[in-house]
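Trainee: One letter stands for each residue in the lines below.
Number of protein chains: 2
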Amino acid sequence: MDFDHQKREQGRFGQGRSRIEAFCENVRKIGRDDPRRVVHSLKVGLALTLVSLLYYCQPLYDSFGVSAMWAVITVVLVFEFSAGATLGKGVMRGLATLLAAALAVGAHHLANLSGRIGEPILLGFFVFLQAVVFTFARFYPTIKARYDYGSVIFILTFSFISVSGYRDDEILKLAYLRLSTILIGGSTCIVISVLVFPVWAGEELHNLIASNMDKLACFLQGFGHVYFEMAEDGVSKRDKSFLQGYATVLNSKNNEDNLANFARWEPGHGRFRFRHPWKQYLKIGARTRRCAYRIESLNGHLNSQAKPEIPSKIRETCSEMSLECGRAMKELASAIKTMVKPFAAHVHIENSKSAAENLNSVLQSSGLLGDNTDVLQLVPVATIVSLLIDIVKCTEEIAESVHELASMVNFEAVEPTVSPEKPKTGQSEPMKSPDDVNSPSIIIVIDEPSLENGTSDSKSRA
Amino acid sequence: MDFDHQKREQGRFGQGRSRIEAFCENVRKIGRDDPRRVVHSLKVGLALTLVSLLYYCQPLYDSFGVSAMWAVITVVLVFEFSAGATLGKGVMRGLATLLAAALAVGAHHLANLSGRIGEPILLGFFVFLQAVVFTFARFYPTIKARYDYGSVIFILTFSFISVSGYRDDEILKLAYLRLSTILIGGSTCIVISVLVFPVWAGEELHNLIASNMDKLACFLQGFGHVYFEMAEDGVSKRDKSFLQGYATVLNSKNNEDNLANFARWEPGHGRFRFRHPWKQYLKIGARTRRCAYRIESLNGHLNSQAKPEIPSKIRETCSEMSLECGRAMKELASAIKTMVKPFAAHVHIENSKSAAENLNSVLQSSGLLGDNTDVLQLVPVATIVSLLIDIVKCTEEIAESVHELASMVNFEAVEPTVSPEKPKTGQSEPMKSPDDVNSPSIIIVIDEPSLENGTSDSKSRA
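If you're matching them up, the sequences are chains A and B in order. Each residue of the first sequence is one higher than the one before, counting from 0 in the working numbering. Each residue of the second sequence is one higher than the one before, counting from 0 in the working numbering.
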């Protein structure tokens with residue numbers, strides 16, 4: 000009995016310990032995944048300690064008094080992970096406070112005129128009115144997306160100053176103290192956020208878009224290998240995990256929108272100037288997501304148990320399409336990442352398009368069609384073909400918007416290192432062997448803007 | 000010259016007026032789309048006016064003094080659109096303030112012991128430490144999702160009280176005043192938010208999930224009509240706008256997650272009890288989204304210019320599949336909306352599955368396959384078929400999770416109004432004519448749980 004009890008105690012202790020260990024491991028992982036999180040925490044601590052000097056230093060305390068707490072509150076509420084978000088919130092807080100304080104002082108004087116009984120009634124009415132108007136304004140799409148925080152601060156400051164003013168006769172001093180301490184808090188945040196290991200929302204967006212495209216590229220390249228080449232040898236199941244990266248792309252819209260909103264506040268930094276075309280990134284992001292939806296459909300076939308028998312010719316051609324799209328996407332992603340004009344993407348897209356054109360003759364000669372064919376067996380093959388054709392089209396659209404971005408911000412043009420070679424379009428030549436897959440990409444300059452005109456090609460072909 | 004100037008002025012004036020008119024129209028539309036927004040604005044105004052009484056009433060002001068401003072600040076920051084969000088923020092603000100105030104008082108006493116020079120240094124260190132720890136904690140997924148606001152308030156209160164305590168010797172009174180005014184502000188928000196025309200996040204989630212399914216149903220029913228029946232007569236372009244409703248479903252994840260988080264805070268209301276299985280709604284939502292991805296692929300074909308010639312037999316069968324899926328989805332949506340067990344959904348799914356099974360013989364006998372067939376012409380037909388088969392599978396999965404929800408919360412079972420009739424499975428009987436489309440749905444009870452076992456059927460058939 001005693002032994003049992005001891006054992007149970009030990010079990011409980013062990014369970015508790017393993018839980019704590021798992022928690023610690025989680026915490027360490029969060030820090031390891033993105034060390035900037037640790038830096039951010041230290042920065043917040045630093046900013047907060049700095050503004051508390053307003054309390055600790057006698058001369059500072061003499062001039063600000065208890066109003067110093069507004070600086071503390073501002074730091075806690077304004078300091079965000081990215082410099083853009085901090086800047087946006089800081090500037091909005093400053094401006095909204097200024098505007099609201101001015102109006103509140105005005106309202107206070109107006110209320111003052113109406114005598115002792117009228118004053119609180121009129122003040123209450125003003126507070127009610129502005130709260131209703133600005134709360135409703137927060138539903139207005141533009142305000143909701145960009146100035147939500149500003150509206151909240153406006154309501155806060157107006158209510159606070161006009162109501163306090165009822166008790167405190169030095170309302171101007173109150174407004175001035177609140178404004179100046181908020182400016183101190185806000186500028187402390189902004190300075191630390193911008194100068195000490197800054198995290199730029201714009202750069203985050205830039206990298207997010209590139210890495211999303213990279214994930215799709217990984218899938219497409221992997222799909223070519225796993226589905227078409229390893230379907231028989233039974234090891235396909237083992238290697239599929241790396242294909243799931245695309246799933247996060249499906250729900251990235253919200254994150255992208257937020258980052259673009261923050262990025263608008265940021266000054267020029269690194270390779271980005273002040274008015275970098277962040278909207279174009281959202282466009283690329285939307286097209287990438289559309290491609291990801293097709294890939295999600297394709298992935299369903301990867302997981303289905305009943306794999307159809309696909310003649311090797313078709314397999315090769317489909318694999319070619321998928322691989323070439325993947326390569327084009329990878330090239331585009333690295334073009335964004337390095338801000339260098341994409342050269343080889345055209346070629347890969349043309350290759351995948353010519354592979355798609357080849358499909359007709361390949362399908363014709365494959366012997367898939369006979370008098371006693373089980374037509375439903377054809378369906379999955381045709382679907383994969385059709386989704387791949389769709390994906391080629393999506394890739395083309397993405398390439399188009401990346402080119403737009405490249406011309407908007409003057410991506411660097413790097414000289415091709417390999418002698419140019421025309422893409423083979425519309426020929427039924429044998430495709431490259433799979434051994435070529437990892438050969439260094441051939442960098443080729445194509446003169447004519449075949450992308451813009453060719454957008455609907457693959458569609459009508461389909 | 001003068002006339003020109005006048006004209007230009009008038010033009011500018013007209014432009015300005017039309018802009019103002021457009022703005023007013025927008026504002027009116029926001030209010031009309033959801034009148035609860037107007038009510039919410041009024042509620043915020045009411046709450047704010049109520050807590051300002053702390054200033055206006057002499058006896059109240061005598062007990063709280065300037066601390067009354069915390070009530071005002073709390074109302075502005077805590078009052079959210081839905082009762083759940085307000086409750087969550089209010090409770091978190093209260094608890095975090097209590098905890099942080101207690102710790103800050105402790106830290107203050109500890110610092111007091113270390114003498115006049117040591118005190119500010121130790122206090123500064125404590126403030127730095129808690130800011131670093133809690134800012135980092137906000138990156139922890141569970142905390143980020145649910146207790147983000149609580150962490151912010153903890154940092155705020157701890158810093159504020161421990162720093163103020165350095166100057167104010169009555170730190171206990173300070174903590175007490177802050178806590179009590181925050182409780183007054185928070186409870187005002189919660190009472191008004193819950194009692195005056197409450198907006199329940201849970202109900203919003205419930206309706207959102209149902210309406211998302213409704214949108215997919217609209218598309219599927221419309222697709223059956225528009226693509227397969229009106230392809231020839233050239234009017235298809237006109238009627239397509241109502242098919243675009245599904246697009247909002249693609250990016251609904253964030254909204255659903257938020258609503259589910261808020262709904263967890265809400266007490267029982269209307270048809271929902273306190274611990275309603277909100278997670279199950281997220282599961283249904285995820286499956287609905289997966290279906291929407293397939294529909295997005297399908298929609299690409301609706302917009303492609305090159306419509307293939309589809310033999311009428313195939314068209315009828317595909318239309319049948321799409322329509323039956325749409326009907327099943329509509330039935331499931333209305334089952335959720337009314338919280339009544341879905342009866343006819345089974346039948347519609349079985350119908351669409353048997354239509355899918357029929358496809359084989361239909362395709363075989365359609366004459367699509369000849370010696371001189373352009374195989375690439377087959378591809379779009381096969382894709383539509385395959386996507387529809389996928390959608391049937393998705394619909395089955397959605398039905399499954401709706402049934403799970405129905406048994407979790409005991410949906411009402413309503414007696415079938417029409418005599419039961421077995422679904423026709425696996426027979427190549429002629430399908431219902433399109434005139435049957437809008438006939439009253441046949442409500443049938445199926446005994447065996449064919450859904451759970453049949454999940455992978457359509458896949459292996461594909």
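Since the hints were made in silico from the structure, they are not lab data. Treat the hints with care, since some could be wrong.
Pairs involving identical chains hold if they fit within one copy or between any two copies, as the list cannot separate such chains.
[To be verified] Pairs of lysine-lysine residues, derived as BS3-like cross-links and limited to a Cα-Cα distance of at most 25 Å, are as follows:
1. 336 to 278
2. 278 to 143
3. 312 to 336
4. 28 to 172
5. 252 to 312
6. 28 to 143
7. 278 to 252
8. 6 to 28
9. 252 to 336
Trainee: Each of the hints needs a verdict: does it hold here or not?
Mentor: Okay, the hints, checked on the actual structure:
| no. | hint | verdict |
| --- | --- | --- |
| 1 | 336 to 278 | within (17 Å within a copy, 38 Å between copies) |
| 2 | 278 to 143 | within (18 Å within a copy, 28 Å between copies) |
| 3 | 312 to 336 | neither (36 Å within a copy, 51 Å between copies) |
| 4 | 28 to 172 | neither (49 Å within a copy, 42 Å between copies) |
| 5 | 252 to 312 | neither (39 Å within a copy, 41 Å between copies) |
| 6 | 28 to 143 | between (34 Å within a copy, 15 Å between copies) |
| 7 | 278 to 252 | both (13 Å within a copy, 22 Å between copies) |
| 8 | 6 to 28 | neither (32 Å within a copy, 68 Å between copies) |
| 9 | 252 to 336 | within (19 Å within a copy, 28 Å between copies) |
Hint compliance for this structure: hints 3, 4, 5, 8 are broken, all remaining hints hold.
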